Amino acid sequence: MIAAAIVFVGTHFALSHPLRRPVVKAVGEKGFQGLYSLVALASFAWMVLAFRAVEPALPLWNGNGDAAWIGASVVMLLASVLLVGSFAGNPALPDPRAKEHAARGAHGVFHVTRHPMMWAMALWSLAHVLASPTPRVIVLAGAVAVLALVGAALQDGKKEVLMGGSWSRWQRQTSFWPRLGGFTKAGATPWIGGLALWLLASWAHGPLAGIPAGIWR
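Just so we're aligned, residue 1 is where the sequence shown starts under my numbering, counting upward by one.
Bear in mind the hints are in silico, worked out from the structure with no lab data behind them.
All values reported here derive from a predicted model rather than from experimental measurement.
Be a bit skeptical, because a hint or two may be false.
Claimed, not checked - Below are the SDA-like pairs computed for lysine to any residue, each with C-alpha atoms no more than 20 Å apart in a straight line:
1. 159 / 87
2. 185 / 70
3. 159 / 142
4. 159 / 104
5. 158 / 41
6. 159 / 176
7. 185 / 90
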């Protein structure tokens with residue numbers, strides 16, 4: 001499973017950074033997108049199959065206890081707020097108006113971090129480790145967290161090259177690391193959408209994963 005996790009993370013970084021330009025030159029942008037998607041799906045499928053093949057081991061602590069359950073539930077709610085808010089005015093997304101979004105300065109969930117989507121993935125990982133601290137969960141969640149946070153750091157460098165001063169100013173006005181106080185400035189839409197997503201996802205966790213989550217425990 002560790003090998004699958006390394007391949008999953010490594011191929012993402014290799015294709016999105018050092019190999020992107022030569023591959024695009026060889027097969028074109030659409031060909032690259034197709035190859036990237038195929039490799040991502042295949043490596044993720046391998047990691048999931050490897051996860052299922054590993055026998056569950058004793059957890060490092062009681063993930064079913066009230067403290068772990070409450071902690072994981074709160075973390076997932078915050079992750080949901082960040083994820084929903086990340087789609088509105090995000091200069092990191094491929095958008096012809098990216099420079100306009102950056103020029104607005106910190107807004108919405110970007111008061112928390114300039115990488116809300118990546119941190120949503122990292123918080124998802126943290127929540128699952130809190131609730132199920134077994135070796136196989138730690139490896140899978142750790143792979144997702146590394147992909148998200150290292151990917152966010154690499155994205156800063158990539159966007160600075162692509163967007164120049166616009167991204168540099170955006171970096172100065174925002175934070176890589178989450179500022180919890182920023183959630184109070186996120187606005188109603190991310191909170192309402194995030195709460196709805198959190199309720200739906202935690203409800204679906206029972207029938208899909210066989211494990212109750214959130215308020216449905």
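- Item | Hint check against the structure, violated hint numbers in rising order | Hints 2, 3 and 5 are the ones this structure does not satisfy, whereas the remaining hints hold.
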